[in-house]
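S.K.: What follows is each chain in one-letter form.
There are 4 protein chains.
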Amino acid sequence: MQQSTLVRLKEDLELKKPILVVGLPGVGLVGKLVVEHLVDELEAEKVMEIYSPHFPPQVLVNKDSTVRPVNNIIYHGKANGNDILFLVGDHQSTTSQGHYELCSLYLDIAEEFQVPRIYTLGGYPTGKLTSDETVLGVANDTKLIEEIKEYGVEFRESEPSGGIVGASGLLVAFSRMRGIDAACLMGMTPGYLMDPKSAQSLLKVLCKMLEIEVNMDSLEKKAEEMESILEKLKEKEEQQQQGYPEVKPTEEDLRYIG
Amino acid sequence: MQQSTLVRLKEDLELKKPILVVGLPGVGLVGKLVVEHLVDELEAEKVMEIYSPHFPPQVLVNKDSTVRPVNNIIYHGKANGNDILFLVGDHQSTTSQGHYELCSLYLDIAEEFQVPRIYTLGGYPTGKLTSDETVLGVANDTKLIEEIKEYGVEFRESEPSGGIVGASGLLVAFSRMRGIDAACLMGMTPGYLMDPKSAQSLLKVLCKMLEIEVNMDSLEKKAEEMESILEKLKEKEEQQQQGYPEVKPTEEDLRYIG
Amino acid sequence: MQQSTLVRLKEDLELKKPILVVGLPGVGLVGKLVVEHLVDELEAEKVMEIYSPHFPPQVLVNKDSTVRPVNNIIYHGKANGNDILFLVGDHQSTTSQGHYELCSLYLDIAEEFQVPRIYTLGGYPTGKLTSDETVLGVANDTKLIEEIKEYGVEFRESEPSGGIVGASGLLVAFSRMRGIDAACLMGMTPGYLMDPKSAQSLLKVLCKMLEIEVNMDSLEKKAEEMESILEKLKEKEEQQQQGYPEVKPTEEDLRYIG
Amino acid sequence: MQQSTLVRLKEDLELKKPILVVGLPGVGLVGKLVVEHLVDELEAEKVMEIYSPHFPPQVLVNKDSTVRPVNNIIYHGKANGNDILFLVGDHQSTTSQGHYELCSLYLDIAEEFQVPRIYTLGGYPTGKLTSDETVLGVANDTKLIEEIKEYGVEFRESEPSGGIVGASGLLVAFSRMRGIDAACLMGMTPGYLMDPKSAQSLLKVLCKMLEIEVNMDSLEKKAEEMESILEKLKEKEEQQQQGYPEVKPTEEDLRYIG
Numbered sequence: 001m002q003q004s005t006l007v008r009l010k011e012d013l014e015l016k017k018p019i020l021v022v023g024l025p026g027v028g029l030v031g032k033l034v035v036e037h038l039v040d041e042l043e044a045e046k047v048m049e050i051y052s053p054h055f056p057p058q059v060l061v062n063k064d065s066t067v068r069p070v071n072n073i074i075y076h077g078k079a080n081g082n083d084i085l086f087l088v089g090d091h092q093s094t095t096s097q098g099h100y101e102l103c104s105l106y107l108d109i110a111e112e113f114q115v116p117r118i119y120t121l122g123g124y125p126t127g128k129l130t131s132d133e134t135v136l137g138v139a140n141d142t143k144l145i146e147e148i149k150e151y152g153v154e155f156r157e158s159e160p161s162g163g164i165v166g167a168s169g170l171l172v173a174f175s176r177m178r179g180i181d182a183a184c185l186m187g188m189t190p191g192y193l194m195d196p197k198s199a200q201s202l203l204k205v206l207c208k209m210l211e212i213e214v215n216m217d218s219l220e221k222k223a224e225e226m227e228s229i230l231e232k233l234k235e236k237e238e239q240q241q242q243g244y245p246e247v248k249p250t251e252e253d254l255r256y257i258g
Numbered sequence: 001m002q003q004s005t006l007v008r009l010k011e012d013l014e015l016k017k018p019i020l021v022v023g024l025p026g027v028g029l030v031g032k033l034v035v036e037h038l039v040d041e042l043e044a045e046k047v048m049e050i051y052s053p054h055f056p057p058q059v060l061v062n063k064d065s066t067v068r069p070v071n072n073i074i075y076h077g078k079a080n081g082n083d084i085l086f087l088v089g090d091h092q093s094t095t096s097q098g099h100y101e102l103c104s105l106y107l108d109i110a111e112e113f114q115v116p117r118i119y120t121l122g123g124y125p126t127g128k129l130t131s132d133e134t135v136l137g138v139a140n141d142t143k144l145i146e147e148i149k150e151y152g153v154e155f156r157e158s159e160p161s162g163g164i165v166g167a168s169g170l171l172v173a174f175s176r177m178r179g180i181d182a183a184c185l186m187g188m189t190p191g192y193l194m195d196p197k198s199a200q201s202l203l204k205v206l207c208k209m210l211e212i213e214v215n216m217d218s219l220e221k222k223a224e225e226m227e228s229i230l231e232k233l234k235e236k237e238e239q240q241q242q243g244y245p246e247v248k249p250t251e252e253d254l255r256y257i258g
Numbered sequence: 001m002q003q004s005t006l007v008r009l010k011e012d013l014e015l016k017k018p019i020l021v022v023g024l025p026g027v028g029l030v031g032k033l034v035v036e037h038l039v040d041e042l043e044a045e046k047v048m049e050i051y052s053p054h055f056p057p058q059v060l061v062n063k064d065s066t067v068r069p070v071n072n073i074i075y076h077g078k079a080n081g082n083d084i085l086f087l088v089g090d091h092q093s094t095t096s097q098g099h100y101e102l103c104s105l106y107l108d109i110a111e112e113f114q115v116p117r118i119y120t121l122g123g124y125p126t127g128k129l130t131s132d133e134t135v136l137g138v139a140n141d142t143k144l145i146e147e148i149k150e151y152g153v154e155f156r157e158s159e160p161s162g163g164i165v166g167a168s169g170l171l172v173a174f175s176r177m178r179g180i181d182a183a184c185l186m187g188m189t190p191g192y193l194m195d196p197k198s199a200q201s202l203l204k205v206l207c208k209m210l211e212i213e214v215n216m217d218s219l220e221k222k223a224e225e226m227e228s229i230l231e232k233l234k235e236k237e238e239q240q241q242q243g244y245p246e247v248k249p250t251e252e253d254l255r256y257i258g
Numbered sequence: 001m002q003q004s005t006l007v008r009l010k011e012d013l014e015l016k017k018p019i020l021v022v023g024l025p026g027v028g029l030v031g032k033l034v035v036e037h038l039v040d041e042l043e044a045e046k047v048m049e050i051y052s053p054h055f056p057p058q059v060l061v062n063k064d065s066t067v068r069p070v071n072n073i074i075y076h077g078k079a080n081g082n083d084i085l086f087l088v089g090d091h092q093s094t095t096s097q098g099h100y101e102l103c104s105l106y107l108d109i110a111e112e113f114q115v116p117r118i119y120t121l122g123g124y125p126t127g128k129l130t131s132d133e134t135v136l137g138v139a140n141d142t143k144l145i146e147e148i149k150e151y152g153v154e155f156r157e158s159e160p161s162g163g164i165v166g167a168s169g170l171l172v173a174f175s176r177m178r179g180i181d182a183a184c185l186m187g188m189t190p191g192y193l194m195d196p197k198s199a200q201s202l203l204k205v206l207c208k209m210l211e212i213e214v215n216m217d218s219l220e221k222k223a224e225e226m227e228s229i230l231e232k233l234k235e236k237e238e239q240q241q242q243g244y245p246e247v248k249p250t251e252e253d254l255r256y257i258g
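Here the protein sequences come in this chain order: A, B, C and D. For the record, in the first sequence the residue sitting at position 158 is 158 according to this note's numbering, with numbers rising by one throughout. For the record, in the second sequence the residue sitting at position 153 is 153 according to this note's numbering, with numbers rising by one throughout. For the record, in the third sequence the residue sitting at position 229 is 229 according to this note's numbering, with numbers rising by one throughout. For the record, in the fourth sequence the residue sitting at position 233 is 233 according to this note's numbering, with numbers rising by one throughout.
By construction, these hints were calculated from the structure, which means they are not laboratory data. Everything numeric in this text was worked out from a predicted model, so none of it was measured. Keep in mind that the hints are not guaranteed to be accurate.
[Stated by the list, open to error] SDA-like, lysine to any residue: derived pairs with alpha carbons at most 20 Å apart: (1) Lys63/B with Glu154/A; (2) Lys17/D with Phe113/D; (3) Lys128/D with Ser228/D; (4) Lys63/B with Val165/A; (5) Lys46/C with Met177/B; (6) Lys143/C with Arg176/D; (7) Lys46/C with Thr95/C; (8) Lys63/B with Pro160/A; (9) Lys63/D with Leu42/C; (10) Lys128/A with Gln200/A; (11) Lys63/A with Lys10/D; (12) Lys63/A with Asn215/D; (13) Lys10/D with Phe155/D; (14) Lys63/D with Lys16/C; (15) Lys63/B with Asp181/A; (16) Lys10/D with Phe155/C; (17) Lys149/A with Asp181/A; (18) Lys208/A with Pro160/A; (19) Lys63/D with Asn62/C; (20) Lys221/B with Gln239/B; (21) Lys16/C with Gln114/C; (22) Lys143/A with Lys128/A; (23) Lys143/B with Leu42/C; (24) Lys149/D with Asn62/A; (25) Lys46/A with Lys128/D; (26) Lys63/B with Pro190/A; (27) Lys143/A with Asp64/B; (28) Lys63/D with Arg8/C; (29) Lys208/C with Asn62/C; (30) Lys143/A with Cys207/B; (31) Lys63/A with Ser228/D; (32) Lys78/D with Gly163/D.
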């Protein structure tokens with residue numbers, strides 16, 4: 001069995017106790033939207049690529065017809081003079097075992113850079129269509145929970161009641177054994193489609209915690225685009241109920257706007 | 001491929017030939033209920049945690065909003081001056097290969113502590129709704145069978161006829177090669193829901209074998225709660241047959257009362 | 001990942017270029033029936049046990065309520081002063097990778113004992129209900145094909161047209177790279193149920209090839225039992241078409257008579 | 001876990017910077033048809049066989065009733081005095097992890113022979129029934145794209161929009177990290193059946209790029225055979241719509257004509 005591969009794009013990277021912010025694909029793409037937005041706004045620099053046989057055996061095609069394997073990427077950014085590492089990517093592991101292997105690799109990297117704290121970001125599916133600005137949290141330390149509450153993150157007894165599946169949860173739980181504080185912050189989302197609105201709520205809280213300010217225009221624009229797609233979907237649905245012919249949203253309408 | 005991880009919470013653990021009692025999740029949660037009850041009543045102490053890529057990639061949320069990875073745990077308790085090890089957990093392996101790997105790890109631990117005997121506890125699905133106080137057994141040694149029969153455990157020719165799938169069976173069969181006596185004791189259960197009643201029958205037999213007495217109040221209470229849930233389910237079913245609207249049991253009603 | 005385990009029951013086994021006859025479970029259980037019959041009739045002795053994480057995580061219960069893990073077994077028998085090794089078992093690998101791993105292990109054993117020839121036995125599903133005494137063959141050497149034809153084995157151009165899946169095929173193909181002659185002999189069978197009749201046809205051919213004679217009474221008895229089960233099934237089917245209530249064959253009727 | 005196995009049929013193979021042309025099974029079998037045709041026409045010689053536990057555990061039967069395991073094969077041919085390596089085979093990996101492992105093995109071989117360029121060939125499913133002579137490309141280098149455009153290969157922005165799954169894509173993307181130029185060339189195909197017509201279009205472009213000429217009669221013949229099968233299928237479909245009995249194409253009609 002081939003192991004996952006870490007490609008270091010900068011061998012001599014020296015950071016001062018950077019926190020690590022993780023936004024891998026998940027419910028509503030909430031975490032991924034937030035971290036990609038921050039990477040853009042802070043002009044963070046790509047420093048590591050992770051390839052894994054636990055990702056799908058797939059390559060993606062760039063605009064210029066070149067290809068790249070699906071991967072996870074670590075970026076380095078700066079805010080208020082502080083170093084921040086960001087972890088984003090195309091996919092999470094497609095296998096259970098791979099989740100454990102990749103989580104272990106990411107925590108090795110965190111230890112290497114003496115990361116004192118990790119925030120993993122995700123969406124919390126409500127199953128309801130109405131939006132909700134709440135940000136729900138869990139953490140691996142009670143003191144950290146008290147600290148984060150101050151920023152408006154809600155902590156509810158034993159919630160999510162079904163636990164958390166995937167990297168966002170594993171990273172928080174296993175970082176305890178490495179002596180790293182960690183919390184998972186979840187934006188409430190219907191959970192059916194990409195949710196830039198929930199991403200905005202989550203980003204606001206995170207910015208307060210990181211003491212930074214970022215322009216949210218592009219997220220706002222994505223939210224409006226999704227709003228308009230949803231409107232069209234609703235109209236079409238109503239038309240169909242009245243006997244109009246079915247009009248599917250075009251691929252253009254729905255594709256991920258990264 | 002990452003291996004399973006054993007975390008020792010007590011490095012200097014010295015035990016006198018402890019027996020090992022195993023209650024992992026299975027049919028009717030019978031084995032898990034019994035061992036968790038014993039751990040509580042004997043105030044057994046957590047001594048080892050086992051994490052494995054063969055468990056689901058999931059974390060569970062505690063009441064105080066902290067998280068922990070799903071795992072298996074070994075406790076150390078004392079009864080009549082004798083050491084007892086208990087193995088319980090959230091999950092069994094989700095893969096076939098993982099069952100073999102974890103079973104091998106558990107037997108390594110048993111050998112390390114010179115465990116002379118293992119009891120694995122489980123449920124035996126009858127598929128019938130009526131309860132049955134019988135405890136059925138299999139073992140890895142005919143002398144041991146004769147000894148256990150004395151305590152009211154039934155041994156039926158070639159039963160269970162479909163064999164036993166999972167840790168309870170593998171541990172008994174493979175412990176023979178390590179020179180360890182082992183038996184699997186199974187409480188009869190309808191097999192559809194958590195069965196604290198079957199757990200009580202099994203616990204009574206086990207207590208006789210271990211020459212201990214434990215308070216069974218909390219198991220009794222759980223049995224009553226399940227009884228009341230089943231009553232509600234029956235009523236609702238009858239109402240539905242009479243045209244009443246469907247009323248599902250709430251999650252509260254059915255959740256595992258650990 | 002745990003490797004498969006070979007347990008040697010006789011450390012000092014010395015054999016004179018034994019042939020290896022393989023009868024693992026497959027279509028109609030034809031190969032398994034033949035080899036188990038030979039093991040019984042030649043009073044072959046158990047010399048090795050193979051355990052593998054690629055088998056189901058299951059134990060079987062003996063008559064006396066002791067248990068054993070599912071496994072594959074190698075027996076040593078003698079016929080006309082010649083050594084013969086037999087490979088039988090409860091299961092083939094449940095994973096693709098396991099098939100390759102176990103096949104490699106079996107060929108290591110064959111090399112260790114300087115096995116000059118391997119016969120793998122199986123069933124060839126015709127999909128028709130009528131029985132057929134033909135024995136079909138494939139081999140890893142054209143000279144061997146000519147030799148075996150003499151015994152009435154049929155070799156048909158490019159047949160089986162879909163190739164052969166599982167140990168019977170892999171062992172024959174990969175033994176070529178170890179310099180071992182090998183053929184796969186297949187009894188024609190409807191393929192729906194255990195087929196002792198097809199096993200008899202195959203056994204007759206094999207006995208000629210091995211220049212041995214064995215009593216076939218027990219196989220004949222099994223064939224009669226299956227005949228009577230099939231009769232009952234047919235009757236019941238006809239009754240049902242005439243509106244009689246359905247009567248399923250009991251588990252007793254259908255269980256494997258090993 | 002067993003690793004894939006490379007069998008070298010020629011230990012002392014010395015080649016002058018050969019390009020590598022890959023035609024593994026995929027949509028419409030387009031890539032496989034092209035490379036098998038070139039192997040035949042250039043009388044290329046088998047130099048390596050690859051066996052893998054990630055292929056199905058299956059053997060294929062030759063005309064003479066001998067068997068061989070499913071595999072991938074590397075051939076060596078010559079055109080215009082230049083060395084060419086060809087990679088073809090029965091199957092791609094059946095597991096995600098296996099795709100990564102085999103891709104890595106193939107690139108090791110490419111590095112060993114100082115391969116300067118790789119062309120992977122495949123089909124691009126249009127989902128439409130009409131044929132299309134377009135050859136679509138992606139590559140791992142923009143200069144290479146400019147060069148290949150000259151030969152009539154089309155490069156469309158971000159297409160295929162879903163990326164490429166399997167060896168054809170992985171080899172192109174990962175060869176970048178080994179300093180090897182690589183492109184994936186795809187013949188347009190309805191994608192439902194073997195498509196020798198699309199293979200012809202792709203082969204024409206490839207021959208121009210390799211500056212070779214090959215006889216295409218056998219591909220033409222296969223295209224005609226498929227045409228006639230499709231005609232029959234259409235006729236039968238029309239008959240059925242008119243109430244005629246269903247006549248399935250025989251296996252003979254549809255089998256792969258290698």
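S.K.: Indicate, hint by hint, whether the structure satisfies it.
M.R.: Do the hints match the structure? See the list:
no., hint, verdict
1, Lys63/B with Glu154/A, "14 Å, holds"
2, Lys17/D with Phe113/D, "7 Å, holds"
3, Lys128/D with Ser228/D, "19 Å, holds"
4, Lys63/B with Val165/A, "18 Å, holds"
5, Lys46/C with Met177/B, "16 Å, holds"
6, Lys143/C with Arg176/D, "48 Å, violated"
7, Lys46/C with Thr95/C, "26 Å, violated"
8, Lys63/B with Pro160/A, "10 Å, holds"
9, Lys63/D with Leu42/C, "37 Å, violated"
10, Lys128/A with Gln200/A, "18 Å, holds"
11, Lys63/A with Lys10/D, "42 Å, violated"
12, Lys63/A with Asn215/D, "37 Å, violated"
13, Lys10/D with Phe155/D, "38 Å, violated"
14, Lys63/D with Lys16/C, "34 Å, violated"
15, Lys63/B with Asp181/A, "18 Å, holds"
16, Lys10/D with Phe155/C, "32 Å, violated"
17, Lys149/A with Asp181/A, "15 Å, holds"
18, Lys208/A with Pro160/A, "24 Å, violated"
19, Lys63/D with Asn62/C, "46 Å, violated"
20, Lys221/B with Gln239/B, "27 Å, violated"
21, Lys16/C with Gln114/C, "8 Å, holds"
22, Lys143/A with Lys128/A, "32 Å, violated"
23, Lys143/B with Leu42/C, "32 Å, violated"
24, Lys149/D with Asn62/A, "17 Å, holds"
25, Lys46/A with Lys128/D, "41 Å, violated"
26, Lys63/B with Pro190/A, "25 Å, violated"
27, Lys143/A with Asp64/B, "11 Å, holds"
28, Lys63/D with Arg8/C, "40 Å, violated"
29, Lys208/C with Asn62/C, "35 Å, violated"
30, Lys143/A with Cys207/B, "42 Å, violated"
31, Lys63/A with Ser228/D, "40 Å, violated"
32, Lys78/D with Gly163/D, "33 Å, violated"
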